[in-house]
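K.L.:
Starting from the known structure of chain A, arrange chain B on it as the hints suggest.
So the protein lines, in turn, are chains A and B. Each residue of the first sequence is one higher than the last, beginning at -3 in the working numbering. Each residue of the second sequence is one higher than the last, beginning at 2 in the working numbering.
Be aware that a few hints might be false.
[As the list claims (entries may be wrong)] To be clear about the criterion: a stretch of chain A counts as covered by chain B if any three or more of its residues have a C-beta under 8 Å from a C-beta of chain B, and this derived list gives those stretches:
| # | region |
| --- | --- |
| 1 | 88 to 102 |
| 2 | 107 to 115 |
| 3 | 231 to 237 |
Calculated from the structure, these hints are not laboratory results. Keep in mind it's a predicted model, so treat the numbers as computed, not measured. C-beta atoms are modelled at their ideal positions from N, C-alpha and C, and glycine is treated no differently.
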Amino acid sequence: LTVPALAILLVSVAYPIAWALNLSVHTLDLVNPEKSGEFVAAANYADIVASGDFRQALFNTCAFVITTLILEILVAFPIALLLHRGLPGTPIFRLIFSSPLMVAPVVGGMLWQFMFADQYGAINNLLAVVGVRGPLWLADVWGARAAVLIGNLWLATPFNVLVLLAGMASLPEQLFEAARIDGARGDQVFRFIMLPLLRPALLIILVIRLTDAFRVFDIVYILTGGGPGSATQTLSVFVYKEIFTRLHFAQGSAASFMMLGITIVLSIFVIRVLRPKEELA
Amino acid sequence: VTVTARKATAALPSYVLLVLLSLIVLFPFFWMVTTSLKPEVDMFASPPVWVPLPPSLDNYDNVLVGGDFRAYLQNSLIVAGVSTMLGMLIGTPAAFGFARMPYRFSGILFIIIVAVRMFPPISLVIPYFMGMRTVELIDRLPALIIAYIPLELPLIIWLLEGFFRDFPRELQEAAEIDGLSTLGLLVRVAIPVALPAIGIAVMFAFLASWNEFIFALSLTRTPSAATMPVGIAGYITNFRTFWGPMTASASIYTIPVLIVTLVAQRGIVRGLLGGAIKA
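Next up, chain A with everything else stripped away, as it sits in the complex (with noise of 0.2 Å):
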């Protein structure tokens, strides 16, 4: 039963892979084809190495996924734990905390893009109402990088908020009751009981949302197109841009694989640190 899906997978996937992964060592011309072919080893990635555009995106894609993730945390546990509580109206809160997670990235980007716009936008038109002057967002550097993040925080969220509810919803009330007759305070239980319990579920977050944030492309290329100049480029915007801007295709392939590994290395990471002592199910 297994083998019709394994069998598309390895055409469609492990073959494509292969074909570029083989790629990346030739030399692909298309101007003059005659010099495509070429075995040149490690030459592309020593290229893109090499490339000042490649270490920006590389240094932005990192120090993204990094503030990213502690953000969508930061703001995830609070609402989480206000809709933990239960209060009367919480199903209607709830879906509105999670209506952000099923529109189209490319559509959270332009909207984004809209409210950020400097005369009409809709954030510093608010922002002027209470007195403060907005930045030129989308044109400044901090601005731009600035205005991704909130974009990205607002697609991403929701998903964090939802598996967090998951996670204590699953939670044992006893130990709870017993932790309050103890007479443990309010951020005792939280830091002792919840945080420790909820380790499964933090780990499920830092899993796919590390390797989300880490190939992002939708929101930043509608966003910011990766500018102004390369402050917002991640390592996808460069690899689409290398590929179909530049017709890189060897050096693009050559970056792609460099992303993969790493992708690979920090997820295996992440989840040798987080992993608890009993095997998740």
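P.N.:
Chain B alone, transformed into the frame defined by chain A:
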């Protein structure tokens, strides 16, 4: 009365916080819909027109009558629909196989399949682009359908495997005693039992291709095959951005999906987590 009153006061800060956060979360939607209802003159007003009165349907008119909106929508529906159908057709038996009929290495194969989900799709863009160029499928619908099946398969298999693992052993044994073949067991017993799960898998697979951007951007370019995300991105040009038609298209494209998925709230959580956490 005093007890409930006290309880209500205690909960008040929480409610204030929840409402405030909700407003932030909902604001982009509000802005999308109101912008789509603004006439051209209000579009770039500063300070902005927060609520257009009376609302104008010009943008919807523009989008629905002229332009390529309908082509994009149709492409999106065909691509997402066909690829989801094929993905389910292949993925459902595979999930059942992994869950109920383990064999040597099946565990490792399953982990590899799940790991495919975390792949940066950009590393597949080059081989797909070159391959589709060779077989002349660039800017044609089959290219995207082919590209989306491997995208959906890991999702479907991962999701359904979790459900089939909970499938009662007695049912499987009873079916075997009754002489049902494996395929019969799957089609007559397992699938009917797992129908809600299958619904969730369909929803997630459909959404994955409905919202997909990077392959669509690379493999298609004209209204003859491009999907909605590419169409919407196309409203941003170097010279000006057509916010009116763009927000109108985005509203039509996003809101139905939003409604359907929100109705299936519980399903979303299970869909996100598979068998990892019991929700």
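K.L.:
Please go over all the hints and tell whether each is borne out by the structure.
P.N.:
Here's how the hints hold up against the structure:
no., hint, in the structure
1, 88 to 102, "holds (count 14)"
2, 107 to 115, "holds (count 6)"
3, 231 to 237, "holds (count 4)"
Of the numbered hints stated above, none is contradicted by the structure.
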